[in-house]
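Asks: These are the residues of each chain, in order.
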Amino acid sequence: MLLNRDDWYDISRDLDWTLSYVDEEVAFPQCWTGKRAIPDEAWQAWDEPFRVSYRDYVRVQREKESGVKAVGDAMLRAGVYQKLDPAHVAAAHLHMGTTCMVEYMAVTMQSRFCRFAPTPRWRNLGVFGMLDETRHTQLDLRFSHDLLRFDPRFDWAQKAFHTNEWGVLAVKNFFDDIMLSSDCVEAALATSLTVEHGFTNIQFVALAADAMAAGDVNWSNLLSSIQTDEARHAQQGFPTLQVLMEHDPQRAQQAIDVAFWRSTRLFQTLTGPAMDYYTPLDQRKMSFKEFMLEWVVNHHERILADYGLSKPWYWDKFLHSLENGHHAMHLGLWFWRPTLFWKPNAGVSKAEREWLNEKYPTWEENWGGYWDQIIANINAGRMDLTLPETLPALCNVTQLPLGSAMSRHDLEPAVSVYEGRTYQFDSDISKWCFDLDPARYAGHMNVVDRFIAGQIQPMSLAGGLEWMGLTPDVMGDDAYGYRWAAEYAPAMAD
Amino acid sequence: MFCSVAEPLPEQFVAVAAEDELWDGEMASYEIDGSEVLLLRLDGEYRAYNGECPHQSTPLVEGELDGYTLTCRTHEWSFDARTGAGLNPAMARLRRHEVRLSDGCVWVSRSEERGIRS
Chain A
0 MLLNRDDWYD
10 ISRDLDWTLS
20 YVDEEVAFPQ
30 CWTGKRAIPD
40 EAWQAWDEPF
50 RVSYRDYVRV
60 QREKESGVKA
70 VGDAMLRAGV
80 YQKLDPAHVA
90 AAHLHMGTTC
100 MVEYMAVTMQ
110 SRFCRFAPTP
120 RWRNLGVFGM
130 LDETRHTQLD
140 LRFSHDLLRF
150 DPRFDWAQKA
160 FHTNEWGVLA
170 VKNFFDDIML
180 SSDCVEAALA
190 TSLTVEHGFT
200 NIQFVALAAD
210 AMAAGDVNWS
220 NLLSSIQTDE
230 ARHAQQGFPT
240 LQVLMEHDPQ
250 RAQQAIDVAF
260 WRSTRLFQTL
270 TGPAMDYYTP
280 LDQRKMSFKE
290 FMLEWVVNHH
300 ERILADYGLS
310 KPWYWDKFLH
320 SLENGHHAMH
330 LGLWFWRPTL
340 FWKPNAGVSK
350 AEREWLNEKY
360 PTWEENWGGY
370 WDQIIANINA
380 GRMDLTLPET
390 LPALCNVTQL
400 PLGSAMSRHD
410 LEPAVSVYEG
420 RTYQFDSDIS
430 KWCFDLDPAR
440 YAGHMNVVDR
450 FIAGQIQPMS
460 LAGGLEWMGL
470 TPDVMGDDAY
480 GYRWAAEYAP
490 AMAD
Chain B
0 MFCSVAEPLP
10 EQFVAVAAED
20 ELWDGEMASY
30 EIDGSEVLLL
40 RLDGEYRAYN
50 GECPHQSTPL
60 VEGELDGYTL
70 TCRTHEWSFD
80 ARTGAGLNPA
90 MARLRRHEVR
100 LSDGCVWVSR
110 SEERGIRS
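Chains A and B supply the protein sequences, listed in that same order.
Per numbering that gives the first Met the number 0: the first sequence = residues 0 to 493.
Per numbering that gives the first Met the number 0: the second sequence = residues 0 to 117.
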């Protein structure tokens, strides 16, 4: 008779060995384990509630793969992609270009858990995480490969992280930090717990719902299938947090607070515009802010309370940013559209604007004026005035434009000087992140730093675009060719 | 209303469906006092649970009921549909609502049994 999984699970995951040929510090260096002064015994309490055997894993994943492939094949045959709204399609381009290689970076992080995590249970779970992330990378690549015949932008699923496109560099910078360069403990807190458990739902569940409403069954199904894996490997954060709360709660609080803010800024860039501007109006489920409040804020508050952590000191500022940051980022993305590899939708037709004002009561006061000027320029045929001639100053932590974190009134400079160099930040929260550990960020030069240092030649917008790898076939432009602005023309003529 | 109360039930019970609404192995969700309640039928008997997954609040009705195993679609937390006990992870469980049949209708208690939230 076969044993039940729970009868043998503990034996299989507790498999460890006594080192005799090398010292433990050699086999498990502190710089990768992140154990620091936490005693070995403490890690024996590390326990993952969601359990899986390799046999179960293979069976379930095989079923999932069959489902994803069947849906993808059927949608391709039905020609669904060609019928999608161009604004929605931009969300898929954005997602594939900025996510596919993050999944691949996560393979490396999970591999580190497999090898260096301070408990065999965690190392065992890391194996499944590594397989999960490999699957996610391959799913994104296959999805993009299938659609490459319709749009060269899907090439960016693989290509983006080998370019210097500024938005991609912002994403890469964050995940280089919390996935590739962090020890196991910090990676589990920052990535598994904060990003994967906390934030990915908004991209992989909420945006999947929007995609389904937009008729993009293939992409929606892909996102949902990927998300089913998260409960398994995202749970690596919780037992790690539990150990930290007993032995080093200050480290846990700091790692999570930094990761939460940096994740917020990233999702304001990637998900906020996709939800509130790219998803066609009649297919929007909720606003980005509503999704954030329901899926991220509520759950994060619960986790903080359950584990005895405090809300970050910047909580009120974060809520203020939630009202504004993605609108600022969207305005910047659209204005600097030649620097993108997708075609952003302005999303400010009269009906869309009414929706924005209903969801965000301060939208008009903050952002309406900018859009009015852009619309006036479009309708006057002055397209040159709607396009950038320079690059925006960027934050030395988030790599995102200064002035894009809060409302248009919050423009007080946030600056630190470290070892003779001046660093600028999009908010005092990002400055706080920097000041906690300046050596961590100090060596990095953002795109504008490189531009000013003469590393990007010729020193013009065209030179910058070439340096970013943007070619005419993928370069961003308005998703609808500016047709949406025409409805404003009579009123402005009056 | 598809039901009239021939035999008065305590006030906390609400009629949510006709007794023949679900076949064996089917589930549906209903809103009671602003909260979603999942009703499912197994071996001819009805059971009702809080309609949201205790993990991250996904509506369980969007998941899969395979035999006695109820699996959430979002992250694959699974439960024994007969008892609400967590299968994976085992420390979770669904909060159960009492069910009564009367006058051809399925009546579900507004209040849920106390359970463990993850």
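Bear in mind the hints are in silico, worked out from the structure with no lab data behind them.
Be aware that one or more of the hints could be misleading.
What the hints assert, rightly or not - Sample of chain B residues lacking proximity to chain A, with all beta carbon distances greater than 12 Å (derived):
1. S28
2. Y29
3. T82
Claimed, not checked - Examples of chain A residues toward chain B, derived with CB under 8 Å:
4. F49
5. S52
6. N220
7. Q226
8. V296
9. H298
Glycine included, every Cβ here is placed at the ideal spot set by N, Cα and C.
Asks: Now look at each hint and say whether the structure bears it out.
Replies: Hint check:
A cut-off of 12 Å between C-beta atoms confirms that S28(B) is not in contact with chain A; the least separation is 16 Å. For Y29(B), the condition that its CB be more than 12 Å from all CB atoms of chain A holds, with the nearest at approximately 21 Å. No Cβ of chain A approaches the Cβ of T82(B) within 12 Å, the least distance being about 16 Å, so the stated non-interface status holds. Because the closest C-beta pair between F49(A) and chain B is about 5 Å apart, less than 8 Å, the hint holds.
For S52(A), the suggested interface contact is broken, since its CB lies about 11 Å from the closest CB of chain B, more than 8 Å. Checking N220(A) against chain B: minimum C-beta separation of about 11 Å lies over 8 Å; hint violated. The criterion of a C-beta within 8 Å of any C-beta in chain B is met by Q226(A), whose closest approach is roughly 6 Å, and the hint holds. Because the smallest distance between the Cβ of V296(A) and any Cβ of chain B comes to about 13 Å, over 8 Å, the interface hint for this residue is violated.
A hinted interface residue such as H298(A) counts as satisfied when its beta carbon comes closer than 8 Å to some beta carbon of chain B; here the least separation is about 6 Å, so the hint holds.
This entry does not satisfy hints 5, 6 and 8, going by the numbered hints stated previously.
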